[in-house]
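Participant: One-letter residues, chain by chain:
2 protein chains.
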Amino acid sequence: MNFLEERIVKDGIVKEGNVLKVDSFLNHQMDIELFDQIGAEFKKRFADKNINKILTIEASGIGIACIVAKHFHVPVVFAKKTQSINLEGEMYVAEVESFTHKCKNQVIVAKKFLSEEDHVLIIDDFLANGCALQGLIQLVTEAGATVEGIGIVIEKGFQSGGRIIRNLGYPLESLAIVEAMDSETGEITFREQ
Amino acid sequence: MNFLEERIVKDGIVKEGNVLKVDSFLNHQMDIELFDQIGAEFKKRFADKNINKILTIEASGIGIACIVAKHFHVPVVFAKKTQSINLEGEMYVAEVESFTHKCKNQVIVAKKFLSEEDHVLIIDDFLANGCALQGLIQLVTEAGATVEGIGIVIEKGFQSGGRIIRNLGYPLESLAIVEAMDSETGEITFREQ
Numbered sequence: 005m006n007f008l009e010e011r012i013v014k015d016g017i018v019k020e021g022n023v024l025k026v027d028s029f030l031n032h033q034m035d036i037e038l039f040d041q042i043g044a045e046f047k048k049r050f051a052d053k054n055i056n057k058i059l060t061i062e063a064s065g066i067g068i069a070c071i072v073a074k075h076f077h078v079p080v081v082f083a084k085k086t087q088s089i090n091l092e093g094e095m096y097v098a099e100v101e102s103f104t105h106k107c108k109n110q111v112i113v114a115k116k117f118l119s120e121e122d123h124v125l126i127i128d129d130f131l132a133n134g135c136a137l138q139g140l141i142q143l144v145t146e147a148g149a150t151v152e153g154i155g156i157v158i159e160k161g162f163q164s165g166g167r168i169i170r171n172l173g174y175p176l177e178s179l180a181i182v183e184a185m186d187s188e189t190g191e192i193t194f195r196e197q
Numbered sequence: 005m006n007f008l009e010e011r012i013v014k015d016g017i018v019k020e021g022n023v024l025k026v027d028s029f030l031n032h033q034m035d036i037e038l039f040d041q042i043g044a045e046f047k048k049r050f051a052d053k054n055i056n057k058i059l060t061i062e063a064s065g066i067g068i069a070c071i072v073a074k075h076f077h078v079p080v081v082f083a084k085k086t087q088s089i090n091l092e093g094e095m096y097v098a099e100v101e102s103f104t105h106k107c108k109n110q111v112i113v114a115k116k117f118l119s120e121e122d123h124v125l126i127i128d129d130f131l132a133n134g135c136a137l138q139g140l141i142q143l144v145t146e147a148g149a150t151v152e153g154i155g156i157v158i159e160k161g162f163q164s165g166g167r168i169i170r171n172l173g174y175p176l177e178s179l180a181i182v183e184a185m186d187s188e189t190g191e192i193t194f195r196e197q
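Protein sequence lines, in the order shown, are assigned to chains A and B.
Add 4 to the 1-based position in the first sequence for the numbering used here, that's all there is to it.
Add 4 to the 1-based position in the second sequence for the numbering used here, that's all there is to it.
If you are wondering where the hints come from, they were derived from the structure by calculation, not from laboratory data.
One or more hints might be untrue.
Pairs involving identical chains hold if they fit within one copy or between any two copies, as the list cannot separate such chains.
EDC-like mimics (lysine to aspartate or glutamate), calculated; alpha carbons at most 20 Å apart, straight line [what the hints assert, rightly or not]:
1. 47 x 37
2. 48 x 196
3. 115 x 183
4. 47 x 35
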């Protein structure tokens, strides 16, 4: 097990319905020392990539993306899920809907912050059905920018998001891939990487 | 002018209705090197405080809070504005409404992440009428925790939020306080600190 898998086993809580609660260190309370380790690991995995911008999505992706960015020395842009009055000017808007209709969202970035000169690392905390991630890729593509890599903290390997993105040829690195969870015993099985 | 005021003058855009757009470096695209300077400055200003946790609010506070946290070596908790299915268990909920009814929000934190042992630094990007900040203070107080300090990146000094919070005796540090803005000329006047 790597450092993240160890932490998930220690502090993650498995709930019914394949819910993995990691809110004590990842997406409500945030362990910045852990985020720093995550940043170092992504820097290692994408060492050969020429990355000049990190793209993430509000809200829980932002903290991780910012600490990861310290390892790449690049700015972060976060996509918004709803149009705010502050987001004037031209925008890229991706409409994303999941097969199961469990998510239907707009993912929005101001055009001035994504262009064809950008080589983008997409960062997010979770990947399950991949709805949000598909929206982010759509935005990058629409801007004519390049997806150099996708870094996910926790992937639910038993849902389809990761497989689809890898099938499409995107360099996707998930630091922990959960293959199975048992809410009765609390046991978590990770994919060997 | 300090480093932040210089940056606001360089890249901030004054819009009608006292709107200051800083989305190219603060709250949509985020300049992580600038955030690092902001973190160092808050560490200096709150050097004598015993801080074990940073509290902020989604979404645009999160990135700044995480980089600031690297200077304090403490975890960050971000308050949510809406109840999500992932936020089960007991929660502190602050209801906040502005005098002008321009904001009416719930500010929510899981109880397990704020307790009477916590000495909290509140971090946010903007302070105007202080609606969100009042909610955060309410949460900390309800938890029996202590507000050791409040660090704001940009305060709109011509709105009442900052004055109210200082009148209540909270140690509030704003790195830039805008006294006036002119959308015709683009001129920005800062309060001498």
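Participant: Each hint: holds or not?
Facilitator: Right, here's what the structure says about each hint:
1. 47 x 37: So residue 47 and residue 37 pass the 20 Å test inside a copy (15 Å) and across (17 Å) alike.
2. 48 x 196: Intra 18 Å, inter 45 Å, cutoff 20 Å: intra-copy only.
3. 115 x 183: neither (37 Å within a copy, 31 Å between copies)
4. 47 x 35: Both, since 18 Å and 18 Å are each at most 20 Å.
Violated hint: 3 only; the structure is consistent with all others.
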